[in-house]
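K.L.:
Sequence:
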Amino acid sequence: MSSSLSKVFGISVFYLAYQLENDGEKLYDFVRRINDYYEVNSATFKFVISRSDKTFFKNSLTLQKELGEIVVKEQGLKKIKGLGGLPVGSSGRVLLLLSGGIDSPVAAYQLMKRGLEVIYLHFYHQKEDQKKIFDLSEKLSPYNNFSNQVYLVDTQPLFTEISHISQAKYRLIILKRMFIRCACFLAEKLAIAALATGDALAQVASQTIESLSVISQ
Numbered sequence: 001m002s003s004s005l006s007k008v009f010g011i012s013v014f015y016l017a018y019q020l021e022n023d024g025e026k027l028y029d030f031v032r033r034i035n036d037y038y039e040v041n042s043a044t045f046k047f048v049i050s051r052s053d054k055t056f057f058k059n060s061l062t063l064q065k066e067l068g069e070i071v072v073k074e075q076g077l078k079k080i081k082g083l084g085g086l087p088v089g090s091s092g093r094v095l096l097l098l099s100g101g102i103d104s105p106v107a108a109y110q111l112m113k114r115g116l117e118v119i120y121l122h123f124y125h126q127k128e129d130q131k132k133i134f135d136l137s138e139k140l141s142p143y144n145n146f147s148n149q150v151y152l153v154d155t156q157p158l159f160t161e162i163s164h165i166s167q168a169k170y171r172l173i174i175l176k177r178m179f180i181r182c183a184c185f186l187a188e189k190l191a192i193a194a195l196a197t198g199d200a201l202a203q204v205a206s207q208t209i210e211s212l213s214v215i216s217q
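Per UniProt numbering, residue 1 is the first one in the sequence shown, and the count goes up by one each step.
Note that these hints are calculated values from the structure, not bench results.
Quantities reported herein were computed from a predicted structural model and do not represent experimental measurements.
Glycine included, every Cβ here is placed at the ideal spot set by N, Cα and C.
Among the clues, some could well be false.
FRET-style restraints, in silico, Cβ to Cβ [what the hints assert, rightly or not]:
id: 1; residue 1: K132; residue 2: I162; range: 20 to 28 Å
id: 2; residue 1: G82; residue 2: K139; range: 29 to 37 Å
id: 3; residue 1: N148; residue 2: A194; range: 16 to 24 Å
id: 4; residue 1: S141; residue 2: D103; range: 39 to 47 Å
Starting from the given sequences, assemble the full structure and let the hints guide the process.
P.N.:
Below, the structure written as structure tokens:
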């Protein structure tokens with residue numbers, strides 16, 4: 001349970017709870033073995049009792065004192081840090097161009113943290129590339145509310161279309177523009193309002209402000 005909840009965006013902190021029978025001795029026994037369930041790392045501790053069943057054999061104040069005496073040493077409820085952020089899907093959906101490098105998976109994670117369900121689009125040159133993309137999306141799936149939608153596009157027809165362009169620097173920019181146009185077409189079909197990429201500003205020549213502006217037109 002903890003390992004699953006720790007991968008859910010929108011949860012900042014959570015605590016473990018245990019259900020016991022309505023039996024005082026079993027409650028005392030549980031508290032005696034509390035180290036089996038919770039990590040003890042607090043300088044101070046306290047029990048806060050709230051009884052929904054007012055016929056329980058002792059009142060809340062008495063139980064708090066008795067359970068505290070049983071623990072004796074400092075005890076604390078184990079606090080498990082969550083991922084924070086917003087629940088995936090609460091901000092809508094986004095179509096991410098997943099390249100297979102490190103930047104686009106990082107972008108996917110950050111988008112998920114802001115509450116977006118991420119749908120993937122990958123342009124492949126060789127079929128061998130597909131396995132890497134599926135592996136990446138599978139690893140990201142637990143953070144994406146276990147959604148794992150991947151769309152694949154063969155780039156060979158696109159390469160054929162731009163093969164007549166002699167200057168390589170223009171071919172790359174035009175190819176990326178074609179990627180964006182394909183992505184826009186798919187996003188419209190899927191009723192997705194936003195596109196995302198893993199572009200890192202000025203990392204390479206095609207990721208300058210000017211290049212990104214032309215690509216996105």
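K.L.:
All the hints need checking, so say for each whether the structure fits it.
P.N.:
Now the hints, each set against the structure:
1. K132 to I162: 20 to 28 Å: 24 Å, holds
2. G82 to K139: 29 to 37 Å: With Cβ atoms ~19 Å apart, the hint is violated.
3. N148 to A194: 16 to 24 Å: 19 Å, holds
4. S141 to D103: 39 to 47 Å: 19 Å, violated
When held up to the earlier numbered hints, the structure conflicts with 2, 4 and fits the remainder.
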